[in-house]
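K.L.:
Sequence:
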Amino acid sequence: MGRPPKKDQFSICTQDCGARCCRYITVEIPGPRSRDDWDEMRWWLAHEGSMVSKDEDGWCLHVQTPCSHLRPDNACAIYPHHMRTCNDYDASNCEFTGPLDHEFELRSELDLAGYIERRGLKRAAPIAQAIRRAARRKPQGQTAGLVALRGLSAPG
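Just so you know, the sequence shown maps onto residues 903 to 1058 in the working numbering.
Don't take each hint at face value.
What the hints assert, rightly or not - Beta-carbon label-pair distances, calculated as ranges:
1. Asp918 x Glu1007: 35 to 45 angstroms
2. His984 x Arg1035: 37 to 47 angstroms
3. Glu958 x Pro1041: 21 to 31 angstroms
4. Asp910 x Lys1024: 42 to 52 angstroms
5. Asp990 x Ala1027: 33 to 43 angstroms
6. Ala977 x Ala1027: 40 to 50 angstroms
7. Asp1013 x Arg925: 12 to 22 angstroms
8. Gln966 x Asn989: 15 to 25 angstroms
9. Gln917 x His971: 29 to 39 angstroms
10. Arg1020 x Asp959: 13 to 23 angstroms
11. Arg1039 x Glu950: 12 to 22 angstroms
Honestly, the hints are just simulated from the structure, not real lab data. Please read these numbers as outputs of a predicted model, since none were measured by experiment. The beta-carbon is built from N, C-alpha and C at its ideal position, and this holds for glycine as well.
Could you put together the complete structure from these sequences and hints?
P.N.:
Written out as C-alpha cells, the structure is:
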C-alpha cells in the first residue's frame, strides 16, 4: 500500500477547507511601536470581521470579506483567469488544513488590552486602559449604529 495520491488545488480548496482563503484578505503590517500604532490597531479591532495576528514572518491584519469571484461551490468563477496571488498560492500548504502557525491572534479590543497588559507594554498601556474604560461604559448587547456621511442616510 502506497501513499494516497496527492490532492490537486481544486480538491483542497473546494472540499478540504471550503475556500477559506477566498473569504478574507491579509495585509502585512509593521509591528506596533508607538502609542499611535497601538491606537490604530485598536481601531482595526473595533471593526467586525477584523483580526490581527503575529507569526514568525511578522504582523498581519486580516479582514473578512469574500472574493467577488467565489462561487457557491467554493470554486473560482474566473479560473484560470484569476489573479497572480491565487495562481501562486500552494494549496498543499493551506493554513486551514493543518495547524495555524500564528503565535497569537487578536480578535477584539479586549484581546488587544489583554495582550498589552500581559506583555507589560508601557507605551501601549494608555490604550489598554482606554479599552477597559470603554468596555465598562458600553451597555451589554449594544451594537454600533450606522453613521450618515455627507447627506447619505443609513438604509432602513
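K.L.:
Confirm or reject each hint.
P.N.:
Against the structure, the hints come out as follows:
{"no.": "1", "hint": "Asp918 x Glu1007: 35 to 45 angstroms", "in the structure": "21 angstroms, violated"}
{"no.": "2", "hint": "His984 x Arg1035: 37 to 47 angstroms", "in the structure": "46 angstroms, holds"}
{"no.": "3", "hint": "Glu958 x Pro1041: 21 to 31 angstroms", "in the structure": "40 angstroms, violated"}
{"no.": "4", "hint": "Asp910 x Lys1024: 42 to 52 angstroms", "in the structure": "51 angstroms, holds"}
{"no.": "5", "hint": "Asp990 x Ala1027: 33 to 43 angstroms", "in the structure": "41 angstroms, holds"}
{"no.": "6", "hint": "Ala977 x Ala1027: 40 to 50 angstroms", "in the structure": "48 angstroms, holds"}
{"no.": "7", "hint": "Asp1013 x Arg925: 12 to 22 angstroms", "in the structure": "21 angstroms, holds"}
{"no.": "8", "hint": "Gln966 x Asn989: 15 to 25 angstroms", "in the structure": "23 angstroms, holds"}
{"no.": "9", "hint": "Gln917 x His971: 29 to 39 angstroms", "in the structure": "18 angstroms, violated"}
{"no.": "10", "hint": "Arg1020 x Asp959: 13 to 23 angstroms", "in the structure": "22 angstroms, holds"}
{"no.": "11", "hint": "Arg1039 x Glu950: 12 to 22 angstroms", "in the structure": "19 angstroms, holds"}
Checked against the numbered hints given earlier, this structure breaks hints 1, 3, 9; the rest are met.
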